[in-house]
Amino acid sequence: MPLASRPVRSPSRSDPQAGEQRDVAAEAPPDPDRVRSEAARVVRDPTLSYRQRVQQLAAVAENALPRPAVSEACRQALDDRVICDMYEGNAPYRPRYVLPDYEKALRNGSAYLELPPPQDLNEALWFLASMYGSVPSITGYPVYLGDLDRLLEPYVDGLSVDALVRALRPFWRALDRMVPDAFAHANLGPRDTPVLRAILRLERELKQVVPNLSLKVDAELTPDDLLADAVRTVFACAKPHFVHHEMMMRDHGERYAAVSCYNSLKIGGGSHTLPRLNLAEAVLRHDGSTEAFFETTLPRYVEATAELMEARIRFLVEEAGFYRHDWLVREGLISLERFSAMFGLYGLAEAVDELMRRGGSDGRYGHDGAANELGHRITRAVAAQVAERPMPYCEGFGGRAMLHAQSGIDSDVGVTAGTRIPIGTEPDLYRHLAAVAPHHELFAAGVSDILHFDETAERNPEAIVDVMRGAFALGMREFTFNLDSNDFIRITGYLVRKSDLAHVDSGARHGSTFLGAGNEEGAHCSQRATKRVVASERLAGR
Amino acid sequence: MTVARAATLSGAALADLLPREGVHGLVAGMLEFSLVDGPGNRFVTFLQGCTFDCVACHNPYTINVCDGCGVCVSVCTTGSLEARDGYVLWNPDTCIGCDACIEICPSDSTPKTQKLTPGQLVDEVRKVALFLSGVTVSGGEATMQAPFVRAYFEALASDPELAHLTRFVDSNGDAPRSTWDLLEPVMDGAMLDLKALDGDVHRQLTGASNERVLASIELLAARGQLYEVRLLLVPGRNDADDQLRRTAAYLTRVAPGVRVKVIGFRRHGVRPVGSALSEPTAERSARAAAVLRAEGVGELVVV
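Residue numbers (this note's numbering), protein chains in the order written: chain V, 8 to 549; chain S, 3 to 305.
If you're looking for bench data, these hints aren't it; they were derived computationally from the structure.
Some clues are possibly wrong.
Quick list of the computed label-pair ranges, beta carbon to beta carbon [to be verified]:
{"no.": "1", "chain 1": "S", "residue 1": "Asp202", "chain 2": "V", "residue 2": "Thr463", "range": "31 to 37 Å"}
{"no.": "2", "chain 1": "V", "residue 1": "Pro230", "chain 2": "S", "residue 2": "Pro108", "range": "53 to 59 Å"}
{"no.": "3", "chain 1": "S", "residue 1": "Gly300", "chain 2": "V", "residue 2": "Ala394", "range": "56 to 62 Å"}
{"no.": "4", "chain 1": "V", "residue 1": "Arg438", "chain 2": "S", "residue 2": "Glu156", "range": "27 to 33 Å"}
{"no.": "5", "chain 1": "S", "residue 1": "Glu156", "chain 2": "V", "residue 2": "Thr463", "range": "27 to 33 Å"}
{"no.": "6", "chain 1": "V", "residue 1": "Asp435", "chain 2": "S", "residue 2": "Ser160", "range": "27 to 33 Å"}
{"no.": "7", "chain 1": "S", "residue 1": "Ala159", "chain 2": "V", "residue 2": "Thr297", "range": "45 to 51 Å"}
{"no.": "8", "chain 1": "V", "residue 1": "Ala377", "chain 2": "S", "residue 2": "Pro162", "range": "42 to 48 Å"}
{"no.": "9", "chain 1": "S", "residue 1": "His60", "chain 2": "V", "residue 2": "Ala377", "range": "35 to 41 Å"}
{"no.": "10", "chain 1": "S", "residue 1": "Asp101", "chain 2": "V", "residue 2": "Gln392", "range": "47 to 53 Å"}
{"no.": "11", "chain 1": "S", "residue 1": "Ile265", "chain 2": "V", "residue 2": "Arg384", "range": "47 to 53 Å"}
{"no.": "12", "chain 1": "S", "residue 1": "His60", "chain 2": "V", "residue 2": "Gln392", "range": "52 to 58 Å"}
{"no.": "13", "chain 1": "V", "residue 1": "Gly431", "chain 2": "S", "residue 2": "Ser160", "range": "41 to 47 Å"}
{"no.": "14", "chain 1": "V", "residue 1": "Pro230", "chain 2": "S", "residue 2": "Gly300", "range": "21 to 27 Å"}
Far from chain S, some chain V residues (derived; all Cβ distances over 10 Å) [said to hold, decoys possible]:
{"no.": "15", "residue": "Ser44"}
{"no.": "16", "residue": "Glu79"}
{"no.": "17", "residue": "Arg82"}
{"no.": "18", "residue": "Tyr94"}
{"no.": "19", "residue": "Asp127"}
{"no.": "20", "residue": "Phe178"}
{"no.": "21", "residue": "Arg198"}
{"no.": "22", "residue": "Ala226"}
{"no.": "23", "residue": "Glu253"}
{"no.": "24", "residue": "Arg262"}
{"no.": "25", "residue": "Ala327"}
{"no.": "26", "residue": "Gly367"}
{"no.": "27", "residue": "Phe460"}
{"no.": "28", "residue": "Glu469"}
{"no.": "29", "residue": "Val474"}
The C-beta atom is built at its ideal place from N, Cα and C for all residues, glycine as well.
My request is simple: use the sequences and hints to build the entire structure.
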């Protein structure tokens, strides 16, 4: 493919702010020499597997194209790193996150894959495995593997948990080997079933990075002893992550799933893109009072983020035409009507602390009532503006973007993920939860706060169940915890084995392990104070 | 930890505390979140004062009630202690928690206790009730303040928002039957220590007889109120195979199926008298567990 620049259509504006002049200019393509040197580096990198090289070469090629055109103000915000496109690539040709309706596929079969509807458990497993290779996402691998307990339930026909463990074991191993990416996510629950129990047992036995796992927790439908079983599973392999089922259903309806790292989206839909706004950087670029920040600087950067989002969505939908030709669309397994886009936020803690400092207070986010209230005011202001801002091709969320507390990427240094409290400074459990919980209802597309427990929890999983039930009653959307003593570390939402991290210079089988290495160095997440957090995810084409 | 700050007072004899102006508890500390004091997540209250004087005690400053001698006042660097009328008054707002007062105390006590009503304690529980399976009173020896414990548990039981919380007592077992009778209607379960089955060994380790401990174990087991028996493991003192076998046989006879927790002695926090004791290795603890298990002890937890 020639590296020549393509004419990029000016994004049409839904509602430019009155009086503001927007100059829209296509960017010059990257220097061909730089493209060649990048490609040359990738093909020689001894730490990359064959497939990892192929993926990175694709990213080099994509980034040889110009980025979608945006206004000068948006470009400046990008250059200043106040907003960020998450390295999704210059020319979006597939949605960031895709959640196929696997249930429909199993029911109807697939003409594209030339597969009839499966008739038994073995056929169902092979059907799914055959499908995963053709599910796109930003990572090149599927980020959603299905609500596997519910999908498989029609085929188990009264099999015991023991029999199910035997039947599922090869499939479960294959998931980790075929989809070597920790963002690949399976969902379970909220109902207690033998398949679910078998999967938890397999997770404890196999201790794999893939799949990432979420358990939907319903106050009525999910029994305590299932939760205790899931908590024991976390002790073994740092999974699953727990989501507040009723809250998710209020935002997305029954057909939703948690994918990648803490992204809650509609099944049969997904998210086009995820630009993010660095609140800490926004405050540093602000000159004036806190009130002025709310009146001018914050709205300006929220709009810049929305503009970047709109430009990328329009390219994906109108230029790349993904939703016109992909097989998942043709077979009705996804539809544009169930898509929206994710508006990411991070660095709230640093933003609040800086505004407090300028106001003459040393109150810090997570510890001080006024600081916490300022943090809540910031997220409420962003949420209100995003809820007012029409976004094209986002009928999956009423024509609007969905808020997401972005949990970080490996290049973040000195900026705290999403709305979390900085690592190592978290207050005690109850104050921690009380500080962060008020944000959660605003973040329909996911938010995460990782809690840390010491190893005494292993003898008392019911205590973690107590804390989880309390956290959900308090309004937490999701609940994730780590235990000091196992081999896994949850970097930002995805998992890395500490033992893999130690050898990363010589290559790793999971692409996400490299991301973990960068993040671990930058954010010290393996040095978390006893109970607590940090994070991130970065994906994308590099 | 936040507690009611009014009338912070130490030095009152327990007898003074109980009858007047309703029942009060002398509280050495509270934990809003504990994973190790009974089933689920629990709010733990440590009550001051103990009937034993264990060489292996991890928080010896809870053994005695402050006698008001005032030695600690002079070592307080923040002026948070004041001797007045035979008592030592403590100001928690200026205290930095350096524990110099506890280190110098000649009486295995602390001036940093708080006198709380059952209602004040219930208010602390209410703040975090969303996250709890229940509450535990510990010590010190909680049953020394049984009237307060009873009033506290009654207040929880009669509160519609808090009645679902289970109410446990963590005890050294050295309490008369009348104490357990007082607590029976309001208590869901008790966790009892058995430092040694042999009377002589028990006396070496605790300074007291174990007759009431054994009677308590038997009584609570018969009432279905014995949640757990804790066996402290001190190498060379109470970990001989035959002692353990007889202990297991005793427990399976009087409290069949009871959960047994084996706790290896740790030097952390003990007084000089206890630091001469040795800690069991993981292998030693595992061997003790194997001996107990072979004798038919049911649910066994090794810490």
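Tested hints:
no.: 1; hint: S/Asp202 x V/Thr463: 31 to 37 Å; result: holds, 33 Å
no.: 2; hint: V/Pro230 x S/Pro108: 53 to 59 Å; result: holds, 54 Å
no.: 3; hint: S/Gly300 x V/Ala394: 56 to 62 Å; result: holds, 57 Å
no.: 4; hint: V/Arg438 x S/Glu156: 27 to 33 Å; result: holds, 30 Å
no.: 5; hint: S/Glu156 x V/Thr463: 27 to 33 Å; result: holds, 30 Å
no.: 6; hint: V/Asp435 x S/Ser160: 27 to 33 Å; result: holds, 29 Å
no.: 7; hint: S/Ala159 x V/Thr297: 45 to 51 Å; result: holds, 48 Å
no.: 8; hint: V/Ala377 x S/Pro162: 42 to 48 Å; result: violated, 34 Å
no.: 9; hint: S/His60 x V/Ala377: 35 to 41 Å; result: holds, 39 Å
no.: 10; hint: S/Asp101 x V/Gln392: 47 to 53 Å; result: holds, 51 Å
no.: 11; hint: S/Ile265 x V/Arg384: 47 to 53 Å; result: holds, 49 Å
no.: 12; hint: S/His60 x V/Gln392: 52 to 58 Å; result: holds, 55 Å
no.: 13; hint: V/Gly431 x S/Ser160: 41 to 47 Å; result: holds, 43 Å
no.: 14; hint: V/Pro230 x S/Gly300: 21 to 27 Å; result: holds, 24 Å
no.: 15; hint: Ser44; result: holds, 54 Å
no.: 16; hint: Glu79; result: holds, 50 Å
no.: 17; hint: Arg82; result: holds, 47 Å
no.: 18; hint: Tyr94; result: holds, 39 Å
no.: 19; hint: Asp127; result: holds, 41 Å
no.: 20; hint: Phe178; result: holds, 35 Å
no.: 21; hint: Arg198; result: holds, 23 Å
no.: 22; hint: Ala226; result: holds, 12 Å
no.: 23; hint: Glu253; result: holds, 16 Å
no.: 24; hint: Arg262; result: holds, 30 Å
no.: 25; hint: Ala327; result: holds, 48 Å
no.: 26; hint: Gly367; result: holds, 24 Å
no.: 27; hint: Phe460; result: violated, 7 Å
no.: 28; hint: Glu469; result: violated, 4 Å
no.: 29; hint: Val474; result: violated, 5 Å
Checked against the numbered hints given earlier, the structure breaks hints 8, 27, 28 and 29 and satisfies all the rest.
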